[in-house]
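K.L.:
Each chain, letter by letter, is given below.
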Amino acid sequence: MISAASIIFIVVGMIVMMVSNSMPTISRFGLAFLTGSEWKPADGVFGALPFIYGTIVSSLIALIISVPISLGIAIFLTEQAPKKIAAPISFMVELLAAIPSVVYGLWGIFVLAPFIRDHLGVFLETYLGWIPVVGQLFQGRLTGIGMLTGGIILALMTTPIITSVVRDILEVVPNTQREAALALGATKWETTMIVLGNAASGIAGAVVLGLGRALGETMAVTMVIGNSPQISASLFEPAYTIASVLAANFAEATDELYLSALIEMGLVLFLVTFVVNAFAKLLIMSVASGKAGAKNV
Amino acid sequence: MKTTLLLTLLTLASIIGASCSGQPFGNNNANTAAGGTISILGSGASFPEPVYEKWMNEYGKLNPNVRIDYQATGSGAGQKAIKENTSDFGASDDPMKDEDLKGTQVIHIPTVLGAVVLTYNLPEVKERLKLSPEAIAGIYLGNIKKWNDPKIRADNAEVNLPDTEISPVYRADSSGTTAVFTDFLSNANSEWKNKIGANKQPSWITGVGAGAKGNDGVMGQVKNIPNSIGYVEIAFAKANDLPTALIKNKSGKFVEASIENVSAAAAGSVKDMPEDLRTRITNAEGENAYPISSYTYILVNKEQPDDVKGKALVDFLWWAVHDGEKFTSDLHYAPLPDEVVKKVEEKLKTITSNGTALRQ
Chain C
1 MISAASIIFI
11 VVGMIVMMVS
21 NSMPTISRFG
31 LAFLTGSEWK
41 PADGVFGALP
51 FIYGTIVSSL
61 IALIISVPIS
71 LGIAIFLTEQ
81 APKKIAAPIS
91 FMVELLAAIP
101 SVVYGLWGIF
111 VLAPFIRDHL
121 GVFLETYLGW
131 IPVVGQLFQG
141 RLTGIGMLTG
151 GIILALMTTP
161 IITSVVRDIL
171 EVVPNTQREA
181 ALALGATKWE
191 TTMIVLGNAA
201 SGIAGAVVLG
211 LGRALGETMA
221 VTMVIGNSPQ
231 ISASLFEPAY
241 TIASVLAANF
251 AEATDELYLS
261 ALIEMGLVLF
271 LVTFVVNAFA
281 KLLIMSVASG
291 KAGAKNV
Chain L
1 MKTTLLLTLL
11 TLASIIGASC
21 SGQPFGNNNA
31 NTAAGGTISI
41 LGSGASFPEP
51 VYEKWMNEYG
61 KLNPNVRIDY
71 QATGSGAGQK
81 AIKENTSDFG
91 ASDDPMKDED
101 LKGTQVIHIP
111 TVLGAVVLTY
121 NLPEVKERLK
131 LSPEAIAGIY
141 LGNIKKWNDP
151 KIRADNAEVN
161 LPDTEISPVY
171 RADSSGTTAV
181 FTDFLSNANS
191 EWKNKIGANK
201 QPSWITGVGA
211 GAKGNDGVMG
221 QVKNIPNSIG
231 YVEIAFAKAN
241 DLPTALIKNK
251 SGKFVEASIE
261 NVSAAAAGSV
271 KDMPEDLRTR
281 ITNAEGENAY
291 PISSYTYILV
301 NKEQPDDVKG
311 KALVDFLWWA
321 VHDGEKFTSD
331 LHYAPLPDEV
341 VKKVEEKLKT
351 ITSNGTALRQ
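In order, the protein sequences belong to chains C and L.
Take the first sequence: its position 130, counting from 1, is numbered 130 in the numbering used here, and each next residue is one higher.
Take the second sequence: its position 94, counting from 1, is numbered 94 in the numbering used here, and each next residue is one higher.
One chain only, chain L, in its complex shape (with noise of 0.2 Å):
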């Protein structure tokens, strides 16, 4: 009996103490010596992690020497990470808030431009919807409970719509999806605005809808459950051959969400880009523009502690802004706009290690 108990406490004591040494992050430069290999590690959101992967793969053939891993752990882990430094890079769909940022010097990295859609489960309907924000606002308020509503027969004069309670269904968790659909909603809807506003956890109108975890939860719900409704990154609505809607822009014309329709967004929204780059672009100037579209973000820090390492991952990145954008189309993302580039081209340039950039 004491021995078992002496060698299962070994065994722990081993096991600690070889995942302590074995550390893969951190500011320390021990761990960029070990056989050549610079190894970083990113973590955060979960929306482009499919074009992450890619890239990561990808930068790999062309240089061997550098391993990069990342890790989807969502947007609020990312910026966690990068602000405690457990991560050399976090990523986040929704830009950090000003009093976040505050004592760090975290800049912000665009790098891929996505769009959240929304995707119904009606079997009988066989022509695509079209919804506009009052619309979707209505649904999540709890002021439009059946598909056959005037505010959304307006809208699809053409199709018989069923005379059913619909069941909206959002996310549960805390989430750069959440917050960029908020976000639309309360740039298009003063309603939305007042009682919900943007958030990437809001609260809800108790009663209205159910909650999933993640975009995977929401999806299965809204494949399970007839009438129902739900917004998810487009990715999952494509690889689960769900309906989406047409969204209603701006200028009043009803666009779904193709990379040409989002690029437009962001072209449509770059003269009013801040110096930080942290912008929204949801309900975007533009007649083609899809009202809810995004960037997504890598943050990294400006100062990095180690030369080898930041030099690695300034090279990383300023190779996926340029040739890595060429891959984006195929998992449904847009690449960023040419103006765009050339600001990250800029904010990349003043990433220093001890004070000398690490780029010119």
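Excised from the complex, chain C in its bound form (with noise of 0.2 Å):
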């Protein structure tokens, strides 16, 4: 009890601290904080826009591309693979997960950023460019720092985390159930089907999990996104995200307003983070009523 009460009290308290300490910026910009694109400590002046994109655009890159082939990993971990295979494997994984942000960072410079600048940037240039608007992603200055990059590492990142979760999900699905739709006469993928619907609402959950890592990542985006604060179409170009300007900045910020606008850029994380976790409640929840038998997992 009193340690659930002292959750709610470091949430609040956390929120309290937050809206007090960002107060020169809220009452001095209001709203338009939130909506304004320049962003120029020098002047005063600061809007956290092209930070909430950075921040939304880096993730959803992540999940477009760890999604898929975590849920892949983790279909091949549990349904297909023999024991033999799939114990090495698991623990590869989980390895990943443990390795520091940095490291990822480190690797994203020397490793990830040439590639995408010599091999995948110009690939999609070429194959993608030309088609009208979606085109538009994958042109302008290939430098290998920026969006593409930054959402990549973050995809490496996120990976790991879904995998694992998806696959200890799967793996308490009853086997009754798998045995009981190949009995009557499914295949092997269609019972496969019928285990990740039912496995639906827990797949949701270990998503918005690594949705939670990539929103808060820092050390390895900092790294490599380019730290510019635009909204740009292309993917190439860099970007900013917030968990990425507060690490570059908190330390030298000496004056009391731009203090406060990095105080309420974080107040600006946490409800992001806030409301896509909401969001992802809800939909789980709208996956969850349909299907009766989501609930047991």
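Read the hints as simulated data drawn from the structure, not as lab findings.
Don't be surprised by glycine CBs; every beta carbon is placed ideally from N, CA and C.
Watch out, some of these pointers could steer you wrong.
One-sided excerpt, in silico: chain L residues whose CB lies under 8 Å from chain C [said to hold, decoys possible]: (1) Q71; (2) G74; (3) S174; (4) N199; (5) S203; (6) A210; (7) G211; (8) A212; (9) G217; (10) I225.
Chain C is nowhere near these chain L residues, computed Cβ spacing over 10 Å in every case [stated by the list, open to error]: (11) G60; (12) K61; (13) V125; (14) P150; (15) D307.
With the hints as a guide, bring the two chains together.
P.N.:
Below, the structure written as structure tokens:
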């Protein structure tokens, strides 16, 4: 009971502290802080939109890449692979989850950034760049440092988390369900689909967990995203995330307004995470109520 | 369950209690008495950290009873630390602004001189690039987009410059290095002065270049991205074996960031040094003066709350600007010119505790 109460106390305490410490910018800019796209600390102009955009888009790229891969690995491990193969692969996935983010960042700058500049980026520009509208995502300055690299690093970091949670969930789906499906004449693949359907809410939860890591990741992203507060259609261009701007500037933010702006950014990140989580919960609830079996998982 | 919680709380409480009572800084007299050791804490600029560490180490050998620690937290944090008295001394590459000095009794002690260099990644270019302030400003303003732009070619006739886009890299965090770099460009280029100006964290032009955190962050990007250019403290470029450009100085000569040329910049500006020693020496007069040079400062309070500790600090600084200067060149810093050492001596003599000078 006390432990549970302490959680509420910590959350409320954090919100109160952040709101009171960011009062100077809240009262000065109001909602314009959220919609402003200019971030010029030297001139006392603070607009958080490029950072919100960068945070959400980089996390979306991460999920678009990591969710299918993670699901694939998890399905292979639980439904198809023999134990002898599954055990070492599971172990390696968990090992990946334990690598510190600064190592991912270093790898990103030394290996991934040159690869994207020389190969992946060129490929995307050649084969997808010509498509109207969508093509804009893959045009522009290709330096290897930018939104796409940040998103891919995040995908790598979220994959092990999503994989291991999904695998655990699939493992607890009762075997009787698989047997029942097979007995009714379903193919192996149809059986897997039934299992996935029953585990849907758990899988959605795993994705939210991965998203949480992507939204809040700091070090690795700071090292590869380019740290430039701009909103650009191109994924090759540098961007900036909320967590990165906090990491890069907190120690050196000496004047009151700047510090207040950074704290308000922290508050914004808190709210973005909150909204995303709430949205995911709603999604899970709607999926769960549609499928009777899902509640068992 | 309840016992665990209780234990956790107790542990937490004891940790908090211990960390409060064991605070190494502050202006109480108690901490100087322990075991006869005087401990002094400094924090601030990361640029002079190697030489400060060397000094503290050497000085510790000569005076085993004095223990000095230094935390490289950044210039801005160093200024904050001395203002809020969380350190015994602060350190900053950027002299404090008038409005920040108001109501404090902080004095500036220049310690060594350093240089900011332009380093680039052009694998196919073997010759050393020559860059004018106009070219550098053009690159960072986004006016010069390609390496074979006429403005760069004009100074590098013998170099076969590639037809590739330039990727400028700047510091994403607030930094003394940026302050020196932008101060140089503001002094040497009017368009830069009007559009960006001199600042620890200026408003960079949107869509030009990418930001990286710290000298090492900029170094990492320049090293890994062909056709990029970035500015770092000289020691970082030397340590990473990356080429550095020759920069055009005020007298029109292209000079390298050697210790002699940095000293020349200091010598050329010594006559303009104000009484409080706060000065910038970018784009200085002198035939060989390297134009992106800078003093770095230690910030101390004029009135020391503790006479034993204050005396130890003043003695250390006195030693640093005299005997300590011989350790600077190995670490790529330039020593203070003699005239400046004299001015520093005068300044150190003004530091007092309870109204009496700590060094005559």
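K.L.:
Compare the structure with each hint and give your call.
P.N.:
Against the structure, the hints come out as follows:
1. Using the Cβ-Cβ criterion of 8 Å, the hint placing Q71(L) at the interface with chain C is not satisfied: the shortest such distance is roughly 11 Å.
2. Using the Cβ-Cβ criterion of 8 Å, the hint placing G74(L) at the interface with chain C is satisfied: the shortest such distance is roughly 5 Å.
3. Among the interface hints, the one on S174(L) holds; its C-beta lies about 4 Å from the nearest C-beta in chain C, closer than the 8 Å criterion.
4. With 8 Å as the threshold, the beta carbon of N199(L) comes within range of chain C, its nearest partner Cβ sitting at about 5 Å, so the hint holds.
5. Taking 8 Å as the C-beta cut-off, the interface hint given for S203(L) holds, the closest approach to chain C being about 4 Å.
6. Annotation: interface hint on A210(L) holds; nearest CB of chain C at approximately 3 Å, less than 8 Å.
7. For the restraint placing G211(L) at the interface with chain C, the shortest Cβ-Cβ distance is roughly 3 Å, inside the 8 Å limit, so the hint holds.
8. Using the Cβ-Cβ criterion of 8 Å, the hint placing A212(L) at the interface with chain C is satisfied: the shortest such distance is roughly 7 Å.
9. Taking 8 Å as the C-beta cut-off, the interface hint given for G217(L) holds, the closest approach to chain C being about 7 Å.
10. With 8 Å as the threshold, the beta carbon of I225(L) comes within range of chain C, its nearest partner Cβ sitting at about 5 Å, so the hint holds.
11. Taking the minimum C-beta to C-beta distance to chain C, about 27 Å, the non-interface status of G60(L) holds against the 10 Å cut.
12. The claim that K61(L) is not at the interface with chain C holds, since no C-beta of that chain comes within 10 Å of its own (minimum 31 Å).
13. With 10 Å as the threshold on Cβ separation, the claim that V125(L) sits away from chain C holds: the shortest Cβ distance comes to roughly 18 Å.
14. The non-interface label for P150(L) is consistent with chain C: the shortest C-beta to C-beta separation is roughly 21 Å, beyond 10 Å.
15. Against the 10 Å criterion, D307(L) stays outside the reach of chain C, whose nearest CB is about 30 Å from its own CB.
When the structure is compared with the earlier hints, a violation turns up for hint 1 alone.
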